[in-house]
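Student: All chains should be modelled from the sequences, with the hints used to inform the complete structure.
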Amino acid sequence: MSAVVTARGVAKDFPSGDGTIRVLHGIDLSVRSGEMLLLVGPSGCGKTTLISILAGILSATEGAIEVLGQDVRHLKPPAAARFRRETVGFIFQQYNLLPSLTAAENAAIPLVIRGERLDRAARKARVVLDGLGMGAHADKLPKHLSGGQMQRVAIARALVHDPPFIVCDEPTAALDAASGHEAMRQLRESAVRPGRAVVVVTHDPRVYGFADRIARMEDGRIVELAEDAAAIRRMTEH
Amino acid sequence: MIRIALRMLTGDTAKYVGLVCGVAFAVMLMAQQASIFVGLMLRTAAQVIDVVDADLWVMDPRVIYVEEIEPLPESALWRVRGVAGVDWATPFFKGLTVARAPDGRLQQVFVLGVDDASLAGGPPVMLQGSVEDLRRPGAIVIDRVGALFIWPGEEPAPGKVLEMADRRATVVGIAEASAPFTTFPVIYTRYAEALRFAPPPRKPLSYILVRAQAGEDIDALAERISAETGLLALRWQDFAWRTIRYYLTRTGIPINFGITVALGFIVGAAVVGQTFMIFVLENLRQFGALKAMGVSNGTLLRMVLAQAGAVAAIGYGLGIGLAAVFFEVTGRFNVDLRGFFLPWWVAAIVAFAVVLIILVASVFSIRKALTLDPAVVFK
Chain W
1 MSAVVTARGV AKDFPSGDGT IRVLHGIDLS VRSGEMLLLV GPSGCGKTTL ISILAGILSA
61 TEGAIEVLGQ DVRHLKPPAA ARFRRETVGF IFQQYNLLPS LTAAENAAIP LVIRGERLDR
121 AARKARVVLD GLGMGAHADK LPKHLSGGQM QRVAIARALV HDPPFIVCDE PTAALDAASG
181 HEAMRQLRES AVRPGRAVVV VTHDPRVYGF ADRIARMEDG RIVELAEDAA AIRRMTEH
Chain B
1 MIRIALRMLT GDTAKYVGLV CGVAFAVMLM AQQASIFVGL MLRTAAQVID VVDADLWVMD
61 PRVIYVEEIE PLPESALWRV RGVAGVDWAT PFFKGLTVAR APDGRLQQVF VLGVDDASLA
121 GGPPVMLQGS VEDLRRPGAI VIDRVGALFI WPGEEPAPGK VLEMADRRAT VVGIAEASAP
181 FTTFPVIYTR YAEALRFAPP PRKPLSYILV RAQAGEDIDA LAERISAETG LLALRWQDFA
241 WRTIRYYLTR TGIPINFGIT VALGFIVGAA VVGQTFMIFV LENLRQFGAL KAMGVSNGTL
301 LRMVLAQAGA VAAIGYGLGI GLAAVFFEVT GRFNVDLRGF FLPWWVAAIV AFAVVLIILV
361 ASVFSIRKAL TLDPAVVFK
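Protein chains in written order, with our numbering: chain W, 1 to 238; chain B, 1 to 379.
Derived by calculation from the structure, the hints in this document are not laboratory data.
Think of the CB as a built atom: it goes at the ideal place given N, C-alpha and C, for glycine as much as any other residue.
It cannot be assumed that every hint is accurate.
In silico negatives: residues of chain B with every beta carbon more than 12 Å from chain W [stated by the list, open to error]:
1) 52
2) 277
3) 329
4) 341
Simulated restraints, written as ranges between beta carbons of each label pair [as the list claims (entries may be wrong)]:
5) B:336 with W:144: 51 to 59 Å
6) B:355 with W:42: 51 to 59 Å
7) B:352 with W:2: 55 to 63 Å
8) W:192 with B:352: 56 to 64 Å
9) W:42 with B:317: 54 to 62 Å
10) W:64 with B:267: 54 to 62 Å
11) W:192 with B:278: 39 to 47 Å
Simulated pairs of lysine to aspartate or glutamate, EDC-like, Cα-Cα distance not exceeding 16 Å [stated by the list, open to error]:
12) W:143 with B:12
13) W:140 with W:130
14) B:203 with B:60
15) W:76 with B:12
16) B:94 with B:116
17) B:160 with B:103
Tutor: Structure, rendered in structure tokens:
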């Protein structure tokens, strides 16, 4: 399988007092087409920084990042915004749905950002919501949805513009075990397909079973890569 | 994205209403107070503005506003009539006296004496009767609201009588006159009658009204009158401004109204600025999510400006509407407040002030949104 995302020697420094602090140390990682890769590790190990860099939100201090052959590291802010708009789907831990928009309108936002009219985009988003079993809730405001339902709207929002790269930040952190499991199942079923890479940041070992591969991070480094079912099982049990 | 921005704005009903009401309140306060100030200033020059048939007012050069009369000798009238380019020049008397109604009610009134022959300087709008009726002995025309002050509860009508300086005056007509600054009734009569109703000091002539010959340059004529007679000749607009300037510089009125208008601006800016800032801050995470999903800074700027613009437009519409309703209602039901109105240019200046308020209110919010790190959504 070809790599959708490739990171080589990625390092990231943040300012700290008079100097800087390095939070990522020479990360080498590729995410292949049609796979779901989980980034796991303790809080503060650099998982979120790494997906922010892969998604073009933060720029790396060192190293090279390519998404579908495009150099992401050296993008200027407008080009980075265009890259995210066209290439990346996002699922946030807190969902970040706009409270005044319906589920369908929320799911339609990436299409609106790309220039479609809100009503037309919402019609397309309904189809995606239907696929996630949310058709009956398409006209509801977020305040009338449960956590699991809001996460499914967030998944629909990440899928609606059919991006080749999806990043998820702790998608089950705000959900109970059953809802979290269901959200991961739907993410796996709907998002993972040839031509697309999905990276999920989590420290919930109950969802490790949904991964094709798992990269475990500690102190800004990838310290372990589970690449087959047996290795994933071992990591889950550990 | 603009539609989404507006939905974000209206989604939080309490803040949206608060923002719109803040702007509406500021607009109403500024428009209403500024308009009343303009109305009051126009009232100071009401009797100058109401004389519609003269091109120039001629007066003693020491006169600095219309109420401060420095009487002229009657010979001044002949000197003015002798200036080339003068079509006609007539005497104009302005005095104050006390009118006594048949029931004993006393009321201070303005007495305006117009030329006996031509009646030039007479009331601008007759509601009942005719200006020509002033030729009758003891005849007066009174302004509609003044009649209500002297005969409260009675419909203004010709035929009523009153006394001034122990002389009987008969109302022969009702006129519409601009409200004077002091709101005293305005009584028009012939010059000769005016001298009896409001006995003047030694020299009786308050002003001389001049009409220029056709095609005459009025400014040149004014200069010629001044040069040849030593008197001051002013267009009515210049005399009205001279009077208004007196009140602007010699009274506390502009400071008082200025403070209220400034307060409207400051309170409006503070309330709207703070509420809008809180609104944007509370939506920062949403803006961050949009930015992460690829919304450019330019689009974000347009979204915040659209929200601010919508608040400004709706708040302005409401506020200016309320101010207009205030003047419409008070003008109709309260004679003391007649003549106050909302000038279009006050509405335009207030619109400019609202744009300033909204820009001040938006600038910090916009800065916050534009410098927002999209990575905030992962924190």
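Student: Taking C-beta pairs only, is residue 329 (chain B) more than 12 Å away from all of chain W?
Tutor: holds, 37 Å
Student: Does the alpha-carbon distance linking residue 203 (chain B) and residue 60 (chain B) stay inside the 16 Å limit?
Tutor: holds, 12 Å
Student: If you check the beta carbons of residue 352 (chain B) and residue 2 (chain W), does the distance land in 55 to 63 Å?
Tutor: holds, 60 Å
Student: So if I understand the rule, the pair passes when the alpha-carbon distance is 16 Å or less; does residue 140 (chain W) with residue 130 (chain W) pass?
Tutor: Roughly 14 Å between the alpha carbons, so the hint for residue 140 (chain W) and residue 130 (chain W) holds.
Student: Falls inside 56 to 64 Å, the C-beta gap from residue 192 (chain W) to residue 352 (chain B)?
Tutor: 57 Å Cβ-Cβ, so the 56 to 64 Å window holds.
Student: For the range 39 to 47 Å, tell me whether the beta carbons of residue 192 (chain W) and residue 278 (chain B) fit it or not.
Tutor: holds, 41 Å
Student: Going by Cβ atoms, does residue 52 (chain B) stay more than 12 Å from chain W at every point?
Tutor: holds, 58 Å
Student: Has the given pair, residue 143 (chain W) with residue 12 (chain B), been kept, meaning a C-alpha gap of at most 16 Å?
Tutor: holds, 12 Å
Student: Does residue 103 (chain B) sit within 16 Å of residue 160 (chain B), going by the straight-line distance between their CA atoms?
Tutor: holds, 12 Å
Student: With respect to the beta-carbon atoms only, verify the hint that residue 355 (chain B) and residue 42 (chain W) lie 51 to 59 Å apart.
Tutor: For residue 355 (chain B) and residue 42 (chain W) the Cβ distance comes to about 52 Å; the hint holds.
Student: I want to verify a distance hint. Is the separation of the beta carbons of residue 64 (chain W) and residue 267 (chain B) within 54 to 62 Å?
Tutor: holds, 56 Å
Student: Quick check on a hinted range of 54 to 62 Å for residue 42 (chain W) and residue 317 (chain B), using CB atoms only.
Tutor: holds, 56 Å
Comparing the model with each numbered hint stated earlier shows that hint 15 is the single one that does not hold.
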